[in-house]
Structures are given as structure tokens and as C-alpha cells.
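Protein chains in written order, with my numbering: chain A, 1 to 80; chain B, 1 to 229.
Don't read these hints as lab results, they were simulated from the structure. Treat the hints with caution; some may be incorrect.
Said to hold, decoys possible - Covered by chain B, according to a simulated footprint, are these stretches of chain A (three or more residues, beta-carbon under 8 Å):
no. : region
1   : 20-31
2   : 57-68
Claimed, not checked - With beta-carbon atoms standing in for the labels, derived distance ranges:
no. : chain 1 : residue 1 : chain 2 : residue 2 : range
3   : A       : V33       : B       : E194      : 52 to 62 Å
4   : A       : G29       : B       : V123      : 54 to 64 Å
5   : B       : K227      : A       : A52       : 29 to 39 Å
6   : A       : A47       : B       : D71       : 20 to 30 Å
7   : B       : G97       : A       : E34       : 31 to 41 Å
8   : B       : P40       : A       : L28       : 54 to 64 Å
9   : B       : T37       : A       : A56       : 24 to 34 Å
10  : A       : R75       : B       : D71       : 44 to 54 Å
11  : A       : A24       : B       : D170      : 41 to 51 Å
12  : A       : G29       : B       : D71       : 25 to 35 Å
13  : B       : C113      : A       : A56       : 17 to 27 Å
14  : B       : E194      : A       : N11       : 38 to 48 Å
15  : B       : N186      : A       : T69       : 54 to 64 Å
Unchecked claim - Sample of chain B residues facing chain A (criterion: CB under 7 Å; computed from the structure):
no. : residue
16  : R59
17  : R105
18  : K107
19  : L109
20  : I112
The structure displayed is predicted, hence computed values, not measured ones. We treat Cβ as the ideally placed atom computed from N, Cα and C, and that holds for glycine.
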Amino acid sequence: MKARVTVTLKNGVLDPQGKAIEGALGSLGVPGVESVRQGKLFDVELATEDRAEAEATLKAMCEKLLANTVIESYRYDIAG
Amino acid sequence: MNAAVIVFPGSNRERDVAAALRAGTGSAPAMVWHADTELPAGTDLVVLPGGFSYGDYLRCGAIAARAPIMDAVRAHAARGGLVLGICNGFQILVESGLLPGILTRNKNLRFICKTQHLKIERVDTRFTSGYQPGQLIEVACAHGEGNYFADAETIERLEGDGRVAFRYADAAGVVGGLANANGSINDIAGIYSENLNVLGMMPHPENLIDGAVGGTDGLALFAGLAKAA
Numbered sequence: 001m002k003a004r005v006t007v008t009l010k011n012g013v014l015d016p017q018g019k020a021i022e023g024a025l026g027s028l029g030v031p032g033v034e035s036v037r038q039g040k041l042f043d044v045e046l047a048t049e050d051r052a053e054a055e056a057t058l059k060a061m062c063e064k065l066l067a068n069t070v071i072e073s074y075r076y077d078i079a080g
Numbered sequence: 001m002n003a004a005v006i007v008f009p010g011s012n013r014e015r016d017v018a019a020a021l022r023a024g025t026g027s028a029p030a031m032v033w034h035a036d037t038e039l040p041a042g043t044d045l046v047v048l049p050g051g052f053s054y055g056d057y058l059r060c061g062a063i064a065a066r067a068p069i070m071d072a073v074r075a076h077a078a079r080g081g082l083v084l085g086i087c088n089g090f091q092i093l094v095e096s097g098l099l100p101g102i103l104t105r106n107k108n109l110r111f112i113c114k115t116q117h118l119k120i121e122r123v124d125t126r127f128t129s130g131y132q133p134g135q136l137i138e139v140a141c142a143h144g145e146g147n148y149f150a151d152a153e154t155i156e157r158l159e160g161d162g163r164v165a166f167r168y169a170d171a172a173g174v175v176g177g178l179a180n181a182n183g184s185i186n187d188i189a190g191i192y193s194e195n196l197n198v199l200g201m202m203p204h205p206e207n208l209i210d211g212a213v214g215g216t217d218g219l220a221l222f223a224g225l226a227k228a229a
């Protein structure tokens, strides 16, 4: 079973990298960019075909390692 | 005093910390590999050294914080044992839950590599007993992710409980402003755990132990620990 985990900074957390990218887009002349926030994306393959089991595994891996919930939030999407 | 320095893949300051411990405490520390599951019997102090454990993959300190030895370090801290995390070691401490908050990318996005003055907030802990009240010390900064962040409630608790160990200051002792190069909340350079037995700090006291190499302001931290243990 395949899944995609997205980890993003919580609202209000300073994102200097996002700001730098925003600035670079501005200097490239890309119009209409109001803000950029940078995040992380993980494609995960799980051994199970059971959806509930997959969700439990994904939640555990996010809480334990993939996200630091002090500043980040996460979501996961199971393919299919 | 029995010290143990934990060595992770990508640690690079473990030998400097060992030299500082030898100079300050008179005895050499045990070097403990991250994949071990136990600390040497009778360990008083665990040091998590600086470096780039696991290449800073995922988040700085995130993978080292989940290494096998960290359960033993957590148990040591829970027993009241001393733990010192410097630079990447501080990042590992926040990732392992031994200290609150997190260290994020420096506000100006630059790697900071320079000497730095710190204001010592209190000298009644086992880490700072070798210093004088109000003393300003000069140590070294070398980090890209030292911007301390925690939610407002956590900061209030840290400040209220006297758990801020060091703040960034200029040579005249004025805290903050341009002296806070990484953007840390409240100019925080180091914090204690609730029971004051765990200290995490971004700057490197172990760099400043020899007058021939920049100064000796870091030595009193290690010498003080030897007396306290």
C-alpha cells in the first residue's frame, strides 16, 4: 500500500527558508506570489493492504519521527 | 567524576569535549557508541557533543534522538543524572524530549561561525557553579540551526522557573539586539530541564579551554561539574 505524508510548518512559525524562496521568486520576476511556506514530502510503501492498519502505522511514524509537532503539522494520504 | 561522551555517526566535537573534560575534571571520559544500549556503570555526566549527526537529515538531531543509547540517556536524566548537550547535542536533547522547544534555521539563513559573549543567568546550578554571579563569558558559536523556538506558554514557564541558562550578549554585556545573531526567542542560548540536571546550549564552551587557542572562559563549566558530581 502506498501513502504520501506531507509535513508543513504550523501557522505562525517563522519560515526563513520559505521567505528566501519567496524573495527569489520575486527577483526572478514571477508575478503575483503572496507568500511561500516550505514543507517536506515523504512517499511511503507499507507492507499491509489493510487501510486501518496503514493509518495507524502512518500516524505513529509521523508522531514519532517524521514531524516535530512543536512546530510542524502533518497529513497523510493513502493511495487508491 | 565519571563522564561519558556519546558518539553518533557525524558527531565531530567529541574529541574537543573529551579534551575539555580532561582539562576541567582531571579525568578522561568514556566514549560511548550510539548503538550501545547502556552507559558505563557509575556515569555521573553524559555529554552529547556537537557535529552533524546523521548529516542533519530530516531535522537536526532528529535521528540521533531515536538512537538506541538515548533510552539509557533518558533513564540517566530521570534518575537526576547530569546531561550536557552542546550545539548538535542541544538539538538532540530537544528532539528527544529531554528539553522543550526546538532549534530552527538561523533567522538570517547563514551559518554562524564566530566568538560570542554569553550572559550567565544563574551560578547556582551544577553546570555554572564555577562562574561568578553576573559573569560575562566568551565562547564560540558554530551553527546553522540555533534559532531557539517554543510556544509562548513554554517560554513563560522557562523564564518563570529560572530555566534560561545563557543569553546572547555583546562584549559590554548588553543582551540581545545584534548579539542575538540566530534570532532565538528571548535571546536564549541555553536552557535547563525542570530539575536543572540537563543543560542544552548552542555555543561551544569546549572550544575555550586553552589560553593559546582563544581563551579559557569555557573551562569553569567543566571544572564546576567535577566539583558538583
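Flag every earlier hint the structure violates by its number, smallest first.
1, 3, 5, 10, 11, 12, 13, 14, 15 and 20
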